[in-house]
Amino acid sequence: KNQVEQSPQSLIILEGKNCTLQCNYTVSPFSNLRWYKQDTGRGPVSLTIMTFSENTKSNGRYTATLDADTKQSSLHITASQLSDSASYICVVMGNNNDMRFGAGTRLTVKP
Amino acid sequence: NAGVTQTPKFRVLKTGQSMTLLCAQDMNHEYMYWYRQDPGMGLRLIHYSVGEGTTAKGEVPDGYNVSRLKKQNFLLGLESAAPSQTSVYFCASSSADIPRSTDTQYFGPGTRLTVL
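Chains as they are written, first to last, in the working numbering: chain A, 1 to 111; chain B, 112 to 227.
Okay, chain B solo, but in the shape it has when bound (with noise of 0.2 Å):
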């Protein structure tokens, strides 16, 4: 049992190039989300899924796109990635509405990204 897993750990884009980041989660969970953490801020949710083949926007979600094609797997996509999007994200699950419940949600390890 994985739990939460991120591909790739780390990259460095130039501006302007795209990519797309992996999540994979193996608790069956119906929820998921992509988080972005910066420097002297908390995290910040960028889109999320409440099952598979729906997406909804976060707080912070310009800039990306999101996939849910797959129960186990969520996509974050940058198609002309940004110095600003220089970050470190995050995809989380849980298998009920984390604002409204007090069901647990896992991370994942984190995917660092430098764009230049």
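Only chain A is shown next, with the shape it has when bound in the complex (with noise of 0.2 Å):
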């Protein structure tokens, strides 16, 4: 089982519209927990970065949270446009040099 879980996998929606994504994790205990966004036939992006002390962090619409007790962290993104259209991942980084992907949500915006 992945110790990192996405949800959903895919997802939909309107331009102009939010949207969040979801990420559960095993990783324990871990360093920090990352968002990444991919475009289509291009690397992973960096989002955002928390430690496990932070609850929230936002790079311009998006918006990261995460609570380390249930080992969840979500990713909001408000006002969608265009160009989020997108593979988004979380990865959660473990004290012992260990580094978990999730296998990503793929989020399409249409006009």
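Hints may be right or wrong, so weigh each one.
Stated by the list, open to error - Just a few of them, taken from the derived set where beta-carbon distance is under 8 Å, the chain A residues facing chain B: (1) S31; (2) G43; (3) S46; (4) N97; (5) G102.
Note that these hints are calculated values from the structure, not bench results.
Predicted model, so just to flag it, every value in this text is computed and none were measured.
C-beta: ideal position from N, C-alpha, C; glycine also.
Combine both chains into one complex, guided by the hints.
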């Protein structure tokens, strides 16, 4: 079983709408949790990086939250744009030099 | 400043052939990584390097070798390609040890490899 589970697998929303992507993990203890955006045919690009003591971090229209007690993180996208269409990957970094990538959520924003 | 570049972008091999993937970064980063990405799965670490002349195994190192003769380059070799190595390969770099730091990890554009 993957130690980082993302949901939903895919999501379609209309331009201008908000959405929330989920990441549940079992990696423990962990150093930090990251969200990446990956456009089709490109490499992942870092959106946010949170340590276990941080509850929320924003990057423009992207806001990540972290609940270390329940081992859950979410990525909220506000006022979606067509350019937000991409895969969003959650990565949990374990303290023992361990990196665990989720399989990603494929987001499609339609006009 | 090109960031992280990968060569080639696409490649088709026959089973048993060998090839080398080249990764180059111009950010003077100490740490470099090779990952593979398969459909429905998260990226998996193949090998990594913590500095020039050093390499270490990641999660899925079998069938691959690496070398870091120059700080800016990290090479991934397949000695005898197998269909199971069909994947998209990503190189990444960072200035600090990623799992233990909050440093940003920069990824290249990927190499799509098909082994027939």
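Legend entry - Hint validity - A:S31 Cβ closer than 8 Å to any chain B Cβ: holds, 6 Å
Legend entry - Hinted contact A:S46 with chain B - closest CB pair below 8 Å: holds, 5 Å
Inset, instruction - So, A:N97 near chain B? Judge it on the closest CB pair being under 8 Å. - result: Constraint on A:N97 satisfied, holds at 5 Å.
Legend entry - Restraint check, 8 Å cut-off on beta carbons, for A:G43 near chain B: Nearest chain B Cβ about 3 Å off; hint holds.
Inset, instruction - Would you check whether A:G102 satisfies its interface hint, that is, whether its CB is within less than 8 Å of any CB in chain B? - result: Holds: closest Cβ of chain B sits about 5 Å from A:G102, inside 8 Å.
Checked against the numbered hints listed earlier, the structure breaks none of them; every hint is satisfied.
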